[in-house]
Amino acid sequence: MQMPEPDQQIMARRDAICAALRQLVPAASVVSSAEGRRAYDADGLSAYRQLPLAVVLPETVEQIAAVMKYCHAEGIKVVPRGAGTSLSGGALPLADAVLLGLGKFNRILDIDYANRCVVAQPGVTNLAITHAVQDQGFYYAPDPSSQIACSVGGNVAENSGGVHCLKYGLTTNNLLGIELVTIEGEILRLGGKHLDAGDYDLMGVMTGSEGLLGIVSEVTLRILQKPATQRALLVGFDDTAAAATAVGDVIGAGIIPAGMEMMDGLAINAAEDFVHAGYPRDAAALIIVELDGPAVEVDALIERVAKIMDRAGASSLKVSTSEDERNLFWAGRKSAFPAVGRISPDYLCMDGTIPRRRLPDMMVLMATLSQKYGLRVANVFHAGDGNLHPLILFDANQPGELARAEDFGADILRGCVEMGGVLTGEHGVGVEKRDLMTIQFTEDDMKQQQRLKCAFDANHLLNPGKVFPHLHRCAELGRLHVHKGKMPFPDLPRF
Amino acid sequence: MPKINNLDEVAAAVLDAQQQKHRLELRGLGTKTGIGNQPVYDACLDVSAMQGIVDYQPEELVLTVRAGTTLSAVEAALDKANQMLAFEPADLSALLKSKSTGTIGGVLATNLSGPRRLTAGAARDFLLGFDAVSGRGERFKSGGRVMKNVTGYDLSKLICGSYGTLAVIDEVTIKTLPRPETSLSLLFESDDMASAVALIAGIFASPHEPGAAAILPQPVAAAAGIDLAADFVVVIRLEGIALSVDDRAGHLRGMGGIGGTVETVPQALSETLWRRIRDVDLLADHAGDIWKLSCPPASAPQIIAAIEPHFDMAFYADWAGGLLWLAGPSGADFGNALRAALTLHGGGHAQLMCDRGNSKQLIPALQPLPPAQASLSRRVKAAFDPLGVLNFGRMHDGI
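Residue numbers (this note's numbering), protein chains in the order written: chain L, 1 to 495; chain F, 1 to 399.
Just to be clear, a hint being listed does not mean it is correct.
[As the list claims (entries may be wrong)] Mimicking SDA-like on lysine to any residue, the simulated pairs with C-alpha atoms at most 20 Å apart in a straight line are:
#	chain 1	residue 1	chain 2	residue 2
1	L	Lys-226	L	Val-296
2	F	Lys-141	F	Lys-175
3	L	Lys-69	F	Ala-201
4	L	Lys-167	L	Lys-104
5	F	Lys-141	L	Lys-226
6	L	Lys-226	F	Ala-205
7	F	Lys-141	L	Met-419
8	L	Lys-167	F	Thr-182
9	L	Lys-372	L	Ser-344
10	F	Lys-97	F	Asn-358
11	F	Lys-141	L	His-472
12	L	Lys-334	L	His-472
13	L	Lys-318	L	Lys-372
14	L	Lys-447	F	Arg-378
15	L	Lys-69	F	Gln-373
16	L	Lys-167	F	Leu-177
17	L	Lys-104	L	Asp-7
18	L	Lys-226	F	Leu-252
19	L	Lys-104	L	Thr-60
20	F	Lys-175	L	Gly-248
21	F	Lys-175	L	Ile-256
22	L	Lys-447	F	Asp-8
Simulated from the structure, these hints should not be mistaken for lab results.
Based on the sequences and whatever the hints tell you, model everything.
This is the structure we're talking about:
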């Protein structure tokens, strides 16, 4: 992975920069020693590591603004970091960039039941929001697998999903307001406790912008009342295509489950070895369907779904009869990644999305690619929304295997786009899928996205080298085509 | 100007406008022309011919349609598959005195939503991807045709509610959802705004899944054909399978209102009532201007208390739309008072939706932006439309 060439002049000024930063934040909030910085050298995509120029851990929004102002004035790059759980390298440091860690922003500021929202600092973990409101029967809906560790600010940066986003949406659908610090050090508040505003949806475009547009310094999140009942079905199929059809049949029947997940044979057995959830070991595919709501509704819909599964050719079917059993059904799915980690020294987790009806074609493609590259692949899917998580098994100690696994992954993602899907459903582009963006987007598509970036950060100081394979200078991006031999409006001032 | 048929023609027209220093007005069926500010344009770009459903896969919950397709054509296609636009876009044609409900592109451009705003979202939550020509005259696409996608910036959010000031959209992919099998409404009586808001807060804090809520002051309730004597009527909509709706209605009936009276409105009547709430029918006959306020739910009683003594006005709350709809005197005073009250009580947004005097000459239709946000928004506009060719000034000064 080629990162932008570090600026040697900036690197040479490291000590002076650290000293200047210590004037802006408490001295202990600037980490300059090599061992101190090493703790921040990677995020969840640990195949890539890089020591940052310096780590700054501000404690107030004013300190964030001061650091941004300084970096902007000095032309120093900034890489934002929440809890560092990104799976796509979104928080991967750069050798010539200040890493701005938001770990000290760990307080919930306001729990407002009357307006059904929570105002929190960005370093608060996702699960802590639910913990703060569950006594009153509320919860925060987006539940990425890393929810015990990942931060809500990071959730905004990545537009995180989870197993329940089929029914309850991603972060972007559950976010009411943010406070944002721009690269110039200006503090803006977008949205609030109300639902709609009459400006461009800048909060919407900040969500999922992977730290390239600004620093999120506060979030206002919508909380929901917990459903009265949750029950799950565990359904085995001998045939993956039949399982994929069954998933479509459920939605076709007008039922939107709270979650609908699928696993393939390799993933089923790895999970079963790990947590003994009672998964059918001989099934080619396993579907977990969860329904939530009032008890009478859940019971009625469970019956309907069971009938649909039967008709689609299910080979086994269990319905949870207790909370313990429902949690056990999920335990295997939720531990699928570590379970696969036990059967292989390393794995790469991919994250493409396809139109759901193409699932059987995708299974065929993966089997072919698995043969071609000589590597195994285990599959877990958010089947309800077509989001795939193929886990490519490899051994980093075998020369060339990482590269082979990456090529395998790239081929899967190429297949996703060819089937009408996209490169990433919820993990983000980061550095991991940066160079694959050209598969999904034309140069013009990406230039328009980068023009938006220029509106927020004209000098490409925020998290450069992520998301976009080619960096274009904003002046170049802003130029208009010469039309019929001359520039239009030659007398107008250019923005 | 002749009708435009595709994005190549849009690009040519935009480049031509750049050349001639024209500012273009984007126009579908023109039903929403009255929303937003009303600058004078040099020419009109009529995109109403870009019509047709491109692809609809009910099991995938996605619909790809050209932006000039009428909202009624979209809704008819979804209806056949027992699906819907869950964000329930308001049909403001009665209010705005327009001939039809307009196009899906217009719905997206104005980010319309309805009483399911709180529980399902607004147009911005349902646009998955689009292709377009920017004000630069260049084609680009964003998003995709699948439900879960974080590849690149989410420009779909930006396009929704941009009033055609950034780009001309053609094919849009929208998430669809199954229609609820049944619905009904419950009517609760209330003495004042504060107790109505508190009652709704309690209902939304219960696990009985209310789908929509409204607060109708007595005269508005009477206009809606509700024969209850209380000063305020709270309407709660329940949707889902019949078993569940009946069960939840049973629980909610126990939650009160004055004297515990709760009336049930059966499905057909309930649907009509919610259409009227959604479409602002209930204020359409009022002589004054119509304002839309988005505010924190708990602030509504204070906002009303701050305004009501000073103006001859009518109002109601499409509460799960997060909205107060108000009819008040033309001119700037009413809007200024609304915006001042919002600032005092938790923030929000007040928009002049229907100008029956010449109020827009005196007060901006959309709430003015704080300076830092205004300059960022201008830079965003310039990133798509540096010369101000598309709907320039429709939203804000210079945007």
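Going down the list of hints, with the structure as the test:
1. L:Lys-226 x L:Val-296: holds, 16 Å
2. F:Lys-141 x F:Lys-175: holds, 17 Å
3. L:Lys-69 x F:Ala-201: Violated, at roughly 42 Å.
4. L:Lys-167 x L:Lys-104: violated, 33 Å
5. F:Lys-141 x L:Lys-226: violated, 38 Å
6. L:Lys-226 x F:Ala-205: holds, 9 Å
7. F:Lys-141 x L:Met-419: Roughly 17 Å separates the two Cα atoms, so the pair holds.
8. L:Lys-167 x F:Thr-182: holds, 19 Å
9. L:Lys-372 x L:Ser-344: holds, 19 Å
10. F:Lys-97 x F:Asn-358: holds, 16 Å
11. F:Lys-141 x L:His-472: holds, 19 Å
12. L:Lys-334 x L:His-472: violated, 41 Å
13. L:Lys-318 x L:Lys-372: violated, 37 Å
14. L:Lys-447 x F:Arg-378: The given pair, whose Cα atoms are some 18 Å apart, holds under the 20 Å limit.
15. L:Lys-69 x F:Gln-373: At roughly 17 Å apart (the allowed maximum being 20 Å), F:Gln-373 and L:Lys-69 satisfy the hint.
16. L:Lys-167 x F:Leu-177: holds, 10 Å
17. L:Lys-104 x L:Asp-7: Violated, at roughly 29 Å.
18. L:Lys-226 x F:Leu-252: holds, 16 Å
19. L:Lys-104 x L:Thr-60: holds, 9 Å
20. F:Lys-175 x L:Gly-248: holds, 15 Å
21. F:Lys-175 x L:Ile-256: Between F:Lys-175 and L:Ile-256 the Cα gap is close to 13 Å, so the pair holds against 20 Å.
22. L:Lys-447 x F:Asp-8: holds, 19 Å
In this structure, the earlier hints numbered 3, 4, 5, 12, 13 and 17 are contradicted, and the remaining ones agree with it.
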